Amino acid sequence: MISTLRAAPRYVFLTVFAIFSIFPLYFMAVSATNSSRDVLDSRMIPGDQLFENFAKLVGVQDLGSAMWNSFSVAAGTTLLALFVCSIAGYAFEIFHSKGKDFVMAVLLLAIMIPFAATMVPLFRLFAEVGLVNSLAAVIIPAISTPFLILLFRQASRSFPYEIIEAARIDGVSEFGIFAKIYLPSMRSTMAAAAVITFMTAWNNFLWPKVILVNNDFQTMPMLISNLAAGYVTDYGVLMLAVLLASLPTMVVFLILQRTFAEGITGAIK
Amino acid sequence: MTTTAPPSERTSRRAAPPRGNRTPSDRPWLSGARRRSLTGWGFLLPAALLIMVMSFIPMIQAFVLSLQTGRGANFNFADPLWSNYTRLLDDEIFKLTLQNTFIYLLIQVPIMLIVALVLASVLNSKNLKFKSFWRTAIFLPCAVSLVAYSLVFRTIFANDGFVNDLLLGLSLIDAPINWLGSPETARFVIILGLLWRWTGYNMVFYLAALQNIDHSTIEAAKVDGANALKTFWYVTVPQLKPMILLTAIMSTNGTLQLFDESWALTRGGPAYQTMSMSHYLFEVSFLKNPNFGYASALSYVILILVAILAFIQLKVGDKRD
Amino acid sequence: MHAFTKKVTMAVAVALPLTLALGACSAGGGGGGGGAGGDENTLTVWAWDPTFNINALEEAEKVYQEENPDFTLDIVETPWEDLEPKLTTLAQSSQYGELPDIFLMQNNAFQKNGINYPDLFTEIDTDAVDFSQFPEAVTAYSTVDGVNYGVPFDNGTAIQALRTDVLEEAGYTIDDFTDITWDEFITKAEDVLAKTGMPLLSGQAGSADTIMMILQSAGASLFDEDGNPTIDDNPALDEAIDIYTRLVDSGVFVEVNSWDEYLGTFVNGSVAGTINGIWIVGSIQGDEDQAGNWAVTNLPRAEGIDGATQFSANGGSSWVVSSNANVDLATDFLAKTFAGSNELYDTILPTSGAVANWIPAGESTVYAEPNEFFGGQPIFADVVAFGAEVPSNNTGAYYYEGRDAVSAAVTQIIGGADLKTALGEAQANVEFAME
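Chains as they are written, first to last, in our numbering: chain E, 14 to 282; chain L, 53 to 373; chain X, 149 to 583.
Simulated from the structure, these hints should not be mistaken for laboratory data. In this text, all values refer to a predicted model and were calculated from it rather than measured experimentally. Incorrect hints may have been included.
Said to hold, decoys possible - One-sided excerpt, in silico: chain L residues whose CB lies under 7 angstroms from chain X:
{"hint": "1", "residue": "G233"}
{"hint": "2", "residue": "A323"}
{"hint": "3", "residue": "F338"}
{"hint": "4", "residue": "K340"}
Glycine included, each C-beta is placed from N, C-alpha and C at the ideal position.
Could you build all of it, start to finish, from the sequences and the hints given here?
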């Protein structure tokens, strides 16, 4: 009984914050089932326009292609980023040296410049290698992020060094240590990194819209931007598109959340 | 079992590699430790190389550009060289955006990080029910695209929108508040939007970090008689320091470079009162008559500000044992 | 090998070649997509809005195919908001090879882009396209240093659209609002407000659109012919702002905070009219229940200003033949469709409400057809007639700086600031931006 009372404030706090988080999404979902006029009227209850909106959406935009492109980009970026950044973060911490600290600081500097400023030189770079209008051009700049590297470095702080030493004595190669011992114990961090990277890559808008010039490579954010850009916007259709665009990230989160939130705590032992 | 930090390379170089490590391919000058060192550098090579090419080279080009003036594609070196930077000091709009961005930074970031931390720790407790639900609910805002959430927020905070209806209905206000029309409330809406969108994001990091905390330290504290609050503050938080530092740097960087919300929620209005520095940068580059030299100078100012703050945070928070 | 590691390695093994493959398969397609149409009979176009511009393009394609059956048009939907940064990025990095054959451009952006990045454009052959068939005011936008760079398309002629049922309730008809001055408008609108509780106009706070329309109706601009800002010493602008302030203060003009809200005001019937480019008609028709209760007329004029007229414009765009184009094909296509085909304009008018700038189009019967939503009024024929009377204005390369500075000044003035001071500040800001 007492424990329930003590737990009550927690639940209240969580409820409040959950409502705060969900409410705008509720409005979004409801709007997807309403006509454009009702959306503009801030109608809060679901309507019956869901199928109509969907029909209009696929009639006007190539939904399947955009979903597939977005998915390829997000999945590709996530997989590559996880690998490249985890091994780098690992190296920064396990092979620590002053030199590495310096390199880390320098790399961090790279992320501190607003993207709008580096967009033009980057574009020229890709144009000169002939990669304009390719999904690879969208993926490559996003693979290596100082923050992701930093994440892995910080997470590696709690990794016990003795295990590595023991493995070295056992004759395991450095890469083997990384792959067989370190990675499995870093599951929660990997899961968190995967969710974050997927989400960022999926919602990425500024760079793809500049580097992708062709219908073939349209991503979901671009599709949504198209919908919002007309002289006459159908807000119900727009909200539906947004809802659909948000689903994959939610799915990824749902799959991975157990891992990063209830991860394998005993692995280290 | 305590965790220890890896020795820095200088000490490991002094220790001779144990015999078992010597393989036939070892040559005297490529000792185990030296090879390890090279491997270490090799591991971070792909990541570092990508960043150098994707970010650094453009960054240097941007710096050179910041020393030039001209419209369109005709550039000449400025005379004096720093004129773009000094021009910033005279730019009223820039100063306004600087002020706006700092307001966002100083108010939103601390609140967000603290709330995220508390949420993560609450969600990490053993006896909590419906954990998946809470986690998902709080993370969902991150999954939503920018266009959507700005449209939804604009609608909710419209003069005849939901929030005003609610407040009027509860008799908390007499007349509808012009949320997006006056500077202070418009900034409030942006801060609210930022909190809404990014708290879940940071919560994810803290949740992951909490998994890596050695549970025996918590047990030890309990045995010593510490209550939940004390345990949290004296045992959990210090072990979360690396992650707190990471999120602090990321949030600072993200807020100082804020673009999306300023663009989508308020278009920088009313009259530039909510515009962030990055938004202004984008305007000068792409929406107005392009002045890329000036825009590059502006981007470097942003960079310097972020770097200074990040450096301070690293110095303060990044202590190795 | 540890199962988890196996998964990771496999994942990477899949991701890497996938990325490379994506890169490769694009390099093949990139040439066709990014650059101008690959084969002899295809043109690539960048434009926005499926119901409007893109629909028009598709119809134009059909028209052109009557004479050239092998012709195809590759349309890439690109919102203007994204198109402009793209053009700027391309031009700034000198990658003109990525341009399509044709792209659409907002009229207000021509001067800026024409002056800064002339290499984006190809001069339009005046032998192929007869520019005398377009209103001078409109071609003036896309003319830089006497050279034509755009074929005008969508009409931005301004209209005053009002709810006739609301007017009737207050004892007025649409004729009472035709050919009047702004003073008369304010008086009558206040009366309507008092009798019916409905304001007649709305708009986004902090947007200078209405003021710019009033300004242009008097033949005035924010810049003089040499491109110098004329913000603080501009009687027409002072008058326009004064009119706007009186409209807002009297409650006749409702300021809202976003575009969607603005549309909501007349779609949801809280406001009984609007003044904007003819393209707003599509949004006005957002509520079918209001059909038959609307009418269109010309704008009030700003009495007391030299050159005041009842006509103005807001927006509108033109087709550009890019520097990377198959020039002959592109020019011929535009000449035979947007600058020469009644059939085209007749088709797109009913389906999308796309009103032509091309003067001969207005002479067709389709344009003269009564429009049910607007009480049987042949609004499109009326609009094309209006279009011929619109005074031209100077946009200059710094148009957006000027407009935004004025917007900011107006926000301050509505908030109580002194007009002279606010405009002085706006002038200073624009001069600063022009350094």
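Hint by hint, which ones does the structure fall short of? The structure breaks none of the hints.
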